[in-house]
Amino acid sequence: YIRNLEDRVAYLESQLASHGISVSELSPESLAPGPPNESGEPPTHPELHESGPSHVSNAQSLLNGHPAQLPRGMISQSLLHSLLRAPTRASLPSREAAQRLVATYFEHTEFFSPVISSREDLLASLEQLYTDRPASEAESDSLIALHKFRVFAVFATAVLLLNRTDSSFPISRAEGYFATAVHVFAQYPDLLCAGDSSHLCNLLLIIQYSCFASDLTAVWHFLGLATRLAIDLGLHHERPVTTEVDTEENKRRWLFWTTYIFERTVCVIIDRPFSIPDEAITACLPILQSVDDPRFLALRLIESRRLESEIYVTLRQSPPVNGAVLDLPTWRENMRQRLMAWRASAPSSLVGSSQLAPLDLYDALLHKSLIDLYYPSTSPTDLSHHDALILAISAAESIEGIKQAFRDGRLRFYWRAAHNLFKAGVAMVFCIHHQIVHVSLNMDHTDMAASVNTCISILWGMVERYPPGKVYRDVFEGLSSSV
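Note that full-length UniProt numbering gives residue 91 to position 91 of the sequence shown, counting from 1, and the numbers run on in steps of one.
Please keep in mind that the hints were generated in silico from the structure rather than gathered at the bench.
A portion of the hints provided could be inaccurate.
Using C-beta positions, here's what the derived DEER-type ranges look like [unchecked claim]: (1) Q317 - S168: 25 to 33 Å; (2) R316 - H237: 53 to 61 Å; (3) H385 - P273: 32 to 40 Å; (4) Q337 - D474: 32 to 40 Å; (5) A194 - A324: 16 to 24 Å; (6) S91 - W331: 31 to 39 Å; (7) L328 - V439: 32 to 40 Å; (8) L129 - K470: 38 to 46 Å; (9) I302 - L123: 20 to 28 Å; (10) G461 - N250: 57 to 65 Å; (11) N250 - F274: 50 to 58 Å.
Below 25 Å or equal to it, Euclidean Cα-Cα: the simulated SDA-like pairs (lysine to any residue) are [unchecked claim]: (12) K470 - I171; (13) K403 - I171; (14) K403 - E333; (15) K403 - S482; (16) K251 - T282.
Heads up, the beta-carbon is just placed ideally off N, CA and C, and yes, glycines get one too.
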């Protein structure tokens, strides 16, 4: 790391100066280092990875920032620096390579997590960076800093996407791009964290990359900042509109619902409560620009996440204080019908379907939601034979779908896939025991056992790409031995 030493020293001096501390005032004693980290690596927080399938450690262990040093009380500098895992930062790629990275990024995000308002906006930012100008002028230009942060954050995410299907794109390249983006973020906190919708966009770009990098500590921390900022900006409420919704208002809607997608996805996996309950949300869905707008797929995903959110909350909430009792079987059947109606209304084919935007996305979401709906641990009463059959079929389809996606390199988030596969496997083990006891399921026992074995083998394969997944693998191996 010696080649970055001068840059690092200059950066630290600027940080000291921003707090009114002169370098000349520091005594040699004040520069004495503390006890070294034996591993030489930045501090990490493994709690979210090693806590097991059902529980995660207290989120308070993640909040290690120093409020007195945070711009507007919003960003932990220590966490920012812990994200800088790459030894060197990256430079701009060739224009041709940049175009491919941008295309890859939008191929995924237009249907999963639309953060950047449009490809044209990002390409305009990219062009600004390729324009020749003195380095000192570029670094001091606040607009260029914003362009640089967003472009390199997009490059980092795009490389991680490409790495899923082509190992010739090394993860180290993504880390270099992201280190460059975070370096800009740390240099210009007041610019990039201005407490406006642009600030929220910047946070979401960090969350987006951290999701692909399986850094759930960073995801959880920045999600808290993003949801708090979204509430402060009132994005969860629909503003009175007297005329047609303008472009800026539509951008605000996309930012809010992308925040919603991220939070629901992460909280369901790590078993956390939501910060913005659905009952408090009055914001309308974004408006599509045309009938063939690719973000139509993102709207379908939002609808799926809202159904998933209702299932999650209903099955975990405390009984109402007014004594009302939930008719669980009736509610379950109603929710199942709503899920089937959602799937029936989804397009039967995806134009431009690819490895990053697979055709079987809707089926995967449906089976995952049905497993959540009938999962045995969330039911205070025994499942009926009909419900157990639905659970068994959904579990088998989910395991088969994840197996194919894993073999084809179409899995994006291994931390999410490992969790979903584990739940599907547990559901199948439950259904096997249910069949043994009640002899009622119209499914072949051999096929059900084969699904369990498939689940084990895929979990073993996932651990090679996502080592923290060994928790799921080891627990499920012990459970599967019972069948």
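Consistency of the hints with the structure:
no. : hint                    : verdict
1   : Q317 - S168: 25 to 33 Å : 48 Å, violated
2   : R316 - H237: 53 to 61 Å : 25 Å, violated
3   : H385 - P273: 32 to 40 Å : 33 Å, holds
4   : Q337 - D474: 32 to 40 Å : 38 Å, holds
5   : A194 - A324: 16 to 24 Å : 45 Å, violated
6   : S91 - W331: 31 to 39 Å  : 56 Å, violated
7   : L328 - V439: 32 to 40 Å : 25 Å, violated
8   : L129 - K470: 38 to 46 Å : 41 Å, holds
9   : I302 - L123: 20 to 28 Å : 26 Å, holds
10  : G461 - N250: 57 to 65 Å : 42 Å, violated
11  : N250 - F274: 50 to 58 Å : 24 Å, violated
12  : K470 - I171             : 21 Å, holds
13  : K403 - I171             : 23 Å, holds
14  : K403 - E333             : 28 Å, violated
15  : K403 - S482             : 22 Å, holds
16  : K251 - T282             : 16 Å, holds
Hint compliance for this structure: hints 1, 2, 5, 6, 7, 10, 11 and 14 are not met, and every other hint is.
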